[in-house]
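The opening position of the sequence shown corresponds to residue 1 in our numbering, with each subsequent residue numbered one higher.
Hints may be right or wrong, so weigh each one.
Computed beta-carbon distance windows for the label pairs [claimed, not checked]: (1) Q58 - E32: 33 to 43 Å; (2) L12 - R149: 26 to 36 Å; (3) G91 - R33: 44 to 54 Å; (4) G93 - Q58: 43 to 53 Å; (5) Y47 - L12: 28 to 38 Å.
Since the hints were derived computationally from the structure, they do not count as laboratory data. The beta carbon of each residue, even a glycine, is placed where N, CA and C say it ideally should be.
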Amino acid sequence: MSTNAAESSVDLFADDCDVAFASHHWPTWGRERIVTYLHEQRDLYAYLHDQTLRLLNQGHNGDEIAELSAHLEAASARLLDLIREFDARGGWGNGFRSCADWLGWRVGLDLGTAREKVRVARALGTLPLLAQALACGELSYAKVRALTRVATPET
1 MSTNAAESSV DLFADDCDVA FASHHWPTWG RERIVTYLHE QRDLYAYLHD QTLRLLNQGH
61 NGDEIAELSA HLEAASARLL DLIREFDARG GWGNGFRSCA DWLGWRVGLD LGTAREKVRV
121 ARALGTLPLL AQALACGELS YAKVRALTRV ATPET
């Protein structure tokens with residue numbers, strides 16, 4: 001989805017929309033939340049586009065960008081390891097209902113994103129091949145996130 005497509009979606013459909021369904025995402029209910037979600041997606045795509053162009057304009061080539069991306073995925077893998085360990089030992093139990101609630105407070109993640117991080121972190125604990133692929137930057141967090149919904153330790 002491009003930034004223009006996201007803005008067009010808001011203009012065309014937001015007034016008549018009660019629920020929005022997006023790939024790899026839970027349904028979003030309510031006009032205000034839908035508009036916020038679409039604007040956040042628009043801003044995310046614009047940021048990724050702008051940062052890619054910024055790196056290219058600074059003389060970085062596609063290989064450097066891909067390498068940096070792999071480092072970011074490795075950092076995501078480490079973050080998920082830490083979340084899984086923190087959750088398993090109940091480090092969030094000092095006044096919070098869940099690890100996701102704690103992540104929302106301490107890291108600033110919205111609750112849905114925090115719950116998904118905890119879910120993926122837990123799943124990767126039983127899926128060492130996916131965990132390793134993320135840690136090596138071979139798979140993106142987005143792909144690993146989707147795969148944890150269907151993968152089993154046997155597959």
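Ascending list of hint numbers which this structure does not respect:
Numbers 3 and 5 - these are the hints that the structure violates, sorted from lowest upward.
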